[in-house]
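K.L.:
Sequences listed follow chains Y and B, in order.
If you count by this note's numbering, then the first sequence holds residues 3 to 618, one letter each, in order.
If you count by this note's numbering, then the second sequence holds residues 52 to 463, one letter each, in order.
Think of the hints as simulated: they come from the structure by calculation, not from any bench.
Careful: at least some of the hints might be erroneous.
Claimed, not checked - Simulated pairs of lysine-lysine, DSBU-like, Cα-Cα distance not exceeding 30 Å:
(1) Y:234 - B:111
(2) Y:334 - Y:420
(3) B:111 - Y:579
(4) Y:302 - Y:264
(5) Y:245 - Y:161
(6) B:283 - Y:579
(7) Y:285 - Y:295
(8) Y:410 - Y:395
(9) Y:585 - Y:532
(10) B:370 - Y:592
(11) Y:589 - Y:568
(12) Y:279 - Y:245
(13) Y:234 - Y:295
(14) Y:238 - Y:264
(15) B:111 - Y:583
(16) Y:585 - B:111
(17) B:370 - B:111
(18) B:111 - Y:9
(19) Y:475 - Y:533
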Amino acid sequence: MSPRALKALEPASTDPAFIRNFCIIAHIDHGKSTLADRMLQITGVVSDRDMRAQYLDRMDIERERGITIKSQAVRMPWELDGQTYALNMIDTPGHVDFTYEVSRSLAACEGAILLVDAAQGIEAQTLANLYLALDNDLTIIPVLNKIDLPAADPEKYIKEIVGLLGCTQEDILLVSGKTGVGVSELLDRATRLIPPPIGDPAAPARAMIFDSVYDSYRGVITYVRMIDGALKPREKIMMMSTKSAHEVLEIGVSAPEPTLTKGLGVGEVGYLITGVKDVRLSKVGDTVTSFTKPATVALKGYSEPMPMVFSGVYPIDGSDYPALREALDKLKLSDAALVYEPETSVALGFGFRCGFLGLLHLEIVTERLEREFGLDLIATAPSVIYQVTTDDKKTVTVTNPSEFPGGKIASVSEPVVKASILTPKDFVGTVMELCQGRRGTMQGMEYVGEDRVELHYTMPLGEIVFDFFDQLKSRTAGYASLDYEPTGDQDADLVKVDILLQGEAVDAFSAIVHRDKAYAYGVLMTERLKKLIPRQQFEVPIQAAIGARIIARESISAMRKDVLAKCYGGDITRKRKLLEKQKEGKKRMKMVGRVEVPQEAFIAALSGDTETKDKK
Amino acid sequence: MPGALPIADAAPSDGALPSSVVVGAAERDFGVYVHVPFCRVRCGYCDFNTYTAEELRGAKRSDYASQAIAEIDLARDVLRRAELPHRPASTLFFGGGTPTMLPATDLTAMLAAVADTWGLAQDAEITTEANPDSVDAVYLRVLADAGFTRVSFGMQSAVPHVLATLERTHDPERVPLVVQWAREAGLEVSLDLIYGTPGESLDDWRTSLEHAIAQHPDHLSAYSLIVEDGTKLARQIRRGEVARPDEDLQADMYELADEVLEAAGYGWYEVSNWSRESSADVVEHRSRHNLAYWQGQDWWGIGPGAHSHVGGVRWWNVKHPAAYADRIGAGRSPGAGRETLDDETRRVESVLLGTRIRDGLVIAQLPSSARTAIAGLIGDGLVDGASAVRGTLVLTLRGRLLADAVVRRLLP
Numbered sequence: 003m004s005p006r007a008l009k010a011l012e013p014a015s016t017d018p019a020f021i022r023n024f025c026i027i028a029h030i031d032h033g034k035s036t037l038a039d040r041m042l043q044i045t046g047v048v049s050d051r052d053m054r055a056q057y058l059d060r061m062d063i064e065r066e067r068g069i070t071i072k073s074q075a076v077r078m079p080w081e082l083d084g085q086t087y088a089l090n091m092i093d094t095p096g097h098v099d100f101t102y103e104v105s106r107s108l109a110a111c112e113g114a115i116l117l118v119d120a121a122q123g124i125e126a127q128t129l130a131n132l133y134l135a136l137d138n139d140l141t142i143i144p145v146l147n148k149i150d151l152p153a154a155d156p157e158k159y160i161k162e163i164v165g166l167l168g169c170t171q172e173d174i175l176l177v178s179g180k181t182g183v184g185v186s187e188l189l190d191r192a193t194r195l196i197p198p199p200i201g202d203p204a205a206p207a208r209a210m211i212f213d214s215v216y217d218s219y220r221g222v223i224t225y226v227r228m229i230d231g232a233l234k235p236r237e238k239i240m241m242m243s244t245k246s247a248h249e250v251l252e253i254g255v256s257a258p259e260p261t262l263t264k265g266l267g268v269g270e271v272g273y274l275i276t277g278v279k280d281v282r283l284s285k286v287g288d289t290v291t292s293f294t295k296p297a298t299v300a301l302k303g304y305s306e307p308m309p310m311v312f313s314g315v316y317p318i319d320g321s322d323y324p325a326l327r328e329a330l331d332k333l334k335l336s337d338a339a340l341v342y343e344p345e346t347s348v349a350l351g352f353g354f355r356c357g358f359l360g361l362l363h364l365e366i367v368t369e370r371l372e373r374e375f376g377l378d379l380i381a382t383a384p385s386v387i388y389q390v391t392t393d394d395k396k397t398v399t400v401t402n403p404s405e406f407p408g409g410k411i412a413s414v415s416e417p418v419v420k421a422s423i424l425t426p427k428d429f430v431g432t433v434m435e436l437c438q439g440r441r442g443t444m445q446g447m448e449y450v451g452e453d454r455v456e457l458h459y460t461m462p463l464g465e466i467v468f469d470f471f472d473q474l475k476s477r478t479a480g481y482a483s484l485d486y487e488p489t490g491d492q493d494a495d496l497v498k499v500d501i502l503l504q505g506e507a508v509d510a511f512s513a514i515v516h517r518d519k520a521y522a523y524g525v526l527m528t529e530r531l532k533k534l535i536p537r538q539q540f541e542v543p544i545q546a547a548i549g550a551r552i553i554a555r556e557s558i559s560a561m562r563k564d565v566l567a568k569c570y571g572g573d574i575t576r577k578r579k580l581l582e583k584q585k586e587g588k589k590r591m592k593m594v595g596r597v598e599v600p601q602e603a604f605i606a607a608l609s610g611d612t613e614t615k616d617k618k
Numbered sequence: 052m053p054g055a056l057p058i059a060d061a062a063p064s065d066g067a068l069p070s071s072v073v074v075g076a077a078e079r080d081f082g083v084y085v086h087v088p089f090c091r092v093r094c095g096y097c098d099f100n101t102y103t104a105e106e107l108r109g110a111k112r113s114d115y116a117s118q119a120i121a122e123i124d125l126a127r128d129v130l131r132r133a134e135l136p137h138r139p140a141s142t143l144f145f146g147g148g149t150p151t152m153l154p155a156t157d158l159t160a161m162l163a164a165v166a167d168t169w170g171l172a173q174d175a176e177i178t179t180e181a182n183p184d185s186v187d188a189v190y191l192r193v194l195a196d197a198g199f200t201r202v203s204f205g206m207q208s209a210v211p212h213v214l215a216t217l218e219r220t221h222d223p224e225r226v227p228l229v230v231q232w233a234r235e236a237g238l239e240v241s242l243d244l245i246y247g248t249p250g251e252s253l254d255d256w257r258t259s260l261e262h263a264i265a266q267h268p269d270h271l272s273a274y275s276l277i278v279e280d281g282t283k284l285a286r287q288i289r290r291g292e293v294a295r296p297d298e299d300l301q302a303d304m305y306e307l308a309d310e311v312l313e314a315a316g317y318g319w320y321e322v323s324n325w326s327r328e329s330s331a332d333v334v335e336h337r338s339r340h341n342l343a344y345w346q347g348q349d350w351w352g353i354g355p356g357a358h359s360h361v362g363g364v365r366w367w368n369v370k371h372p373a374a375y376a377d378r379i380g381a382g383r384s385p386g387a388g389r390e391t392l393d394d395e396t397r398r399v400e401s402v403l404l405g406t407r408i409r410d411g412l413v414i415a416q417l418p419s420s421a422r423t424a425i426a427g428l429i430g431d432g433l434v435d436g437a438s439a440v441r442g443t444l445v446l447t448l449r450g451r452l453l454a455d456a457v458v459r460r461l462l463p
């Protein structure tokens with residue numbers, strides 16, 4: 003085992019030969035953050051006293067969910083064979099929604115530790131990220147983690163990794179992030195095997211932004227990996243995609259607390275602060291260069307974040323609308339991928355149409371809004387981007403069923419993804435059934451290890467955003483994992499199904515679905531609403547319709563009796579209080595035409611919870 | 052168990068009323084309600100303020116009349132101190148509980164106390180409730196001779212299995228007898244019916260209605276069974292031993308009642324009350340005491356848990372007979388809580404209460420928001436269009452069944 007380095011190398015003047023940049027590729031829950039914690043402790047950059055679990059995860063929500071949303075880099079000194087090195091560990095987000103961010107983190111590294119849970123084996127997302135790493139020519143160091151667990155089966159998963167990477171059994175390290183076993187050996191091996199960064203110190207500065215974080219005190223903190231040249235404090239810099247110029251107010255490295263440096267040189271990883279207040283001015287993947295001596299060619303791989311999934315987000319209490327706007331404005335500062343615009347719904351009032359990278363992103367944003375800003379929210383069923391061409395050759399982009407054009411439709415195009423599902427082989431049948439039911443086309447299937455299978459499908463994204471992941475999990479006892487990436491668009495026979503209450507469409511329940519599934523959706527929603535909407539003074543028909551054609555129908559019979567028999571012994575007070583209570587209840591009702599619908603009914607119908615019919 | 056009292060202000064220990072109660076008093080009738088909080092057994096559906104012998108905690112039925120008379124004295128002093136004009140009682144109503152569990156002489160003594168204190172209006176309506184099995188011919192004769200004009204029998208149903216579910220103990224065969232005795236004594240007769248009891252069919256209800264009509268009562272009340280929290284019936288329903296009353300069936304039953312009673316010459320004058328009419332203009336069989344609640348008249352409620360209203364002040368007495376006895380014994384007002392209605396609340400109440408009676412609300416006196424709602428109510432068949440054109444808001448049959456919804460639409 004190597005000793006801790008006694009004296010760390012000075013940033014800004016570190017010979018690239020002694021720098022190692024790497025990341026950790028792992029599935030959620032496979033112990034990446036715990037391993038990172040142990041590295042911080044073993045290298046001595048965080049004292050045992052200051053250690054807290056998942057040190058690098060800053061947001062509460064990350065720590066609670068045990069997942070990493072935003073990546074961060076940390077510089078650690080390490081000594082091997084008498085030479086001191088600087089190890090930069092870049093923590094990457096682990097989820098499919100953040101593939102682009104992952105790809106930029108990987109592009110900042112020369113090596114990757116492939117971390118696999120010794121009790122669970124490789125998951126689909128890990129495979130996806132491993133492909134990305136190999137694609138970036140990263141050196142892979144395979145590691146089996148959690149070998150301390152009673153359920154660990156290292157032999158089985160060693161075979162799986164050997165089969166996957168074509169490496170030898172000896173190439174795979176056995177560690178426990180929890181106990182620290184094998185972590186020093188891992189650092190030694192990383193130092194030995196991962197190649198040093200290569201760049202031209204004399205060329206104009208080029209640094210790639212791999213993360214951009216909003217801090218309410220300091221503004222945006224931009225994490226960069228220097229490729230060529232150097233950046234210095236007080237220097238004027240320029241973002242190559244926007245040509246916007248800023249002054250570097252602070253430059254440094256994370257060790258892991260922010261530590262000022264005299265600059266950053268070739269191969270180094272660190273952060274910049276320029277005083278900008280919006281992460282949109284410092285985009286992941288963009289190239290930072292010197293304003294006075296700019297580079298001519300930007301680093302490749304930059305792309306604008308593309309929202310894939312859209313949902314209407316509404317405050318449950320309508321008076322929270324301004325608070326929601328303010329919260330989104332604040333959240334946007336730290337989330338460059340979040341887009342939103344105001345939207346009005348008959349059923350839900352004022353809210354915002356939000357675009358997300360994927361379902362997890364949606365979940366994280368709504369959860370942050372609720373937690374950090376104390377809002378109670380309801381989100382409509384997620385939708386994707388459709389291109390709808392009408393018979394008169396007009397094409398409309400539809401991210402919300404309400405934008406679906408009326409009249410004759412020539413064609414509808416929907417986004418398609420390549421989905422990889424990794425599942426124990428016993429569940430292959432049920433997974434195939436699920437995928438076929440979701441209009442998936444099988445592209446292939448291969449064994450990963452002895453008892454797990456990776457299934458490849460192309461599938462409409464619209465089918466995935468609608469409850470697919472939950473279904474996959476529940477049908478495979480939680481074992482299957484999913485990864486997907488967009489592959490383009492396809493034409494499909496899609497229709498908009500409206501749900502009508504007494505002839506009035508309830509916008510929140512309109513959905514774009516495949517024609518073959520329109521009836522099932524119509525029946526589901528009409529039955530659900532029949533259970534949820536209290537009786538009115540008149541009969542209320544509930545219909546599902548495609549255009550003018552009714553495809554499903556239910557009705558709520560009229561309430562016939564709504565009168566108190568008497569007021570006992572002249573207790574008028576009690577009767578009046580009851581009226582006041584009823585009037586309060588009426589205020590919480592939303593009007594759809596003449597139908598009074600409790601807000602709870604909309605929420606329950608959207609969430610599928612039909613147990614709570616509000617009695618008057 | 053009895054239901055809870057409203058939450059409001061504390062009542063002053065001397066029961067004093069503010070001077071505001073004088074405003075308009077001369078135009079309001081004054082009535083007296085005497086609550087008699089005793090029953091032999093408690094029926095499973097009942098949450099009225101009434102107590103069996105075991106529940107009295109030392110209070111004595113035999114002391115009750117003198118306590119009630121003491122409150123009548125207190126009422127006299129309070130009304131006098133408030134400088135209300137002298138008004139003879141236009142109605143007096145003994146309700147319960149079971150007033151006829153007391154000796155007839157107790158009831159007549161209380162009637163005499165009211166008469167001595169305020170005097171009785173010339174045509175005063177003086178009623179007691181009675182169970183068919185708690186009175187006989189002599190008892191009724193004593194009441195009539197003392198000045199009672201009316202008796203209201205708790206018939207509830209003519210069908211044995213319905214009476215059994217309600218835990219009513221009387222024999223249905225006894226109803227014709229007591230009605231006959233009352234009539235012989237010169238008393239007007241009202242019959243109380245309950246519909247919508249679990250297990251009661253529409254035919255059962257028709258049977259009850261026909262039996263009731265066959266007695267030719269002057270007046271009929273038909274109340275739908277309401278399952279009140281805390282009652283034995285509510286527990287039985289919660290445990291699934293008894294079916295929950297079906298509101299649609301109750302609506303059918305109300306419609307049937309209205310049809311059968313109209314055909315037999317009874318007209319509705321309040322949502323749950325019908326009176327015998329020789330012509331549409333004859334109103335003499337309506338219960339004026341019952342109407343007083345809906346018309347916002349003044350009345351003093353005597354006895355445990357009784358509610359009172361005088362000139363925009365509502366109050367209610369302590370509920371338990373033992374607590375009541377303590378207060379009266381100490382010379383203090385038995386008032387437990389009260390509220391003084393502001394103008395807005397009085398407007399709300401006038402709509403809330405007035406909507407239920409056939410004489411209806413004067414549309415011109417309604418706030419403009421309520422007036423604009425009326426067209427929609429006519430359109431939905433809840434309010435009678437012809438009456439509205441003539442300036443009065445009168446509910447249709449459907450409107451009576453949805454009266455609370457109508458009120459909510461009138462009071463946005």
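K.L.:
Which numbered hints are broken by the structure, listed smallest first?
P.N.:
Checked against the structure, the hints that fail are numbers 1, 3, 5, 10, 15, 16, 18, while the rest are satisfied.
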